[in-house]
Amino acid sequence: MSDFYQNGVITNFHNLTQRSVESLEKEMVRFARKRKMGLILPSLFSELEGPALDNIVNELAKVPYLDEIVIGLDRADRDQFLFAREFFSRLPQRHRILWNDGPRLKALDAELDKEGLSPSQPGKGRNVWFCTGYTLASDRTQCVALHDCDIVTYERSMLARLLYPLANPSFQYEFCKGFYARVADGKLNGRVGRLLVGPLLRSLQKVYGHSEYLDYLTSFRYPLSGEFAMRTHVLNGIKIPGDWGLEIGVLSEIYRNYTTRQTCQVEIANNYDHKHQPLAEEDGTGGLKRMSNDIVQSLLRKLATMGVPLTSDSFRVLKATYYRNALDMMEIYNHEATMNGLKFDQHIEEAAVEMFTQAILDAGQSFIERPNEKPFIPSWSRVQSAFPDILQRIYQAVEEDNEGKV
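Going by our numbering, the sequence shown opens with residue 50, and the numbers climb by one from there.
Treat the hints with care, since some could be wrong.
Unchecked claim - Using C-beta positions, here's what the derived DEER-type ranges look like: (1) Ser363 / Arg310: 24 to 34 Å; (2) Ala435 / Glu385: 43 to 53 Å; (3) Gly286 / Thr387: 45 to 55 Å; (4) Asp362 / Lys75: 51 to 61 Å.
Claimed, not checked - List time: in silico PhoX-like cross-link candidates among lysine-lysine, alpha-carbon distance up to 20 Å: (5) Lys368 / Lys255; (6) Lys155 / Lys454; (7) Lys111 / Lys75; (8) Lys75 / Lys85; (9) Lys111 / Lys85; (10) Lys236 / Lys392; (11) Lys338 / Lys368.
FYI, nobody ran anything at the bench for these hints, they're computed from the structure. Just so it is clear, CB atoms sit at the ideal spot from N, CA and C, and this is done for glycine as well.
Given these sequences and hints, build the entire structure.
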């Protein structure tokens, strides 16, 4: 079994990677008799044209314990949706595709929008939100995992490790986060996690004082990982951001709704790599620039709800504190790369730190200027109070799309 320890905040499982996938799956099949399991895959159509998702689907086709796979498909026209249906048809498990740009789901989205209950912007958060709604409507699972569709080193053992703490009937965890080392092609990856989130969390403690919430976030080995799992009933009450703050937002909601004893993280891979974002797109936006801004705003919004006084002056102090902490961490990562024979480009790393530093100021300014902006997509429990039949209608729309009536 796994070597685990309590890290002071949440339970941390190690060395599940030492077990063979056959051994894990044998147990998971047994667990599935009591706790049915599902998977959510938020995807862009463009990912169907790359090698990563093709391999993921091939791996998932071998998984013997999943009852349902829910695929959220963004940026797809009719022909592309039909292509997606054929693409995923090799999956032997029950699977459904949410055609988010199709007329049926867009009509439901327009209804929700009239009541201010629709996601305010397209993106991963909106995709995941509709997928969670369908998962609740389907009501076929007791635990559900989520992971991205751009993992180039995907192996189905990752999914087994991620779901194991929730699937085991003798465990009582409500939420599990995956972590792994971000090393590929002879260099350290994960710049946003290493150079923004880590130093920023320490800086927030210094500037605004000790916080159990910040201790909680710091206890996660990789808070930005897109791999997490939860008991399905958790989906009904959480509010998630619609932007790149999704992962931090989910962790914040779990912290608000559950005790830390019900939360764990597990090492799911020795080797992990996925599509890498540029610092910014050609027009100076997007990429890690937008991602970092969304993440910082997600943290600031949460701190504000906890009564932390956030002012323009404090953001300038936070910027200076972060910059010093980030440079110190960069030096440590330089040493770590040297010790492990990895490449380390100091210029690129410092350029990332400088961009993240500006992102902190920009995010702070946006937070001050738009205090009434709705940061989260409404929870499904709230949406159902306004539209009691909404889950059944989403279910019906998805079934009709997948049955060929498009």
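Note to self: Need the list of violated hint numbers for this structure, in ascending order.
What the structure shows: Every hint satisfied by this model.
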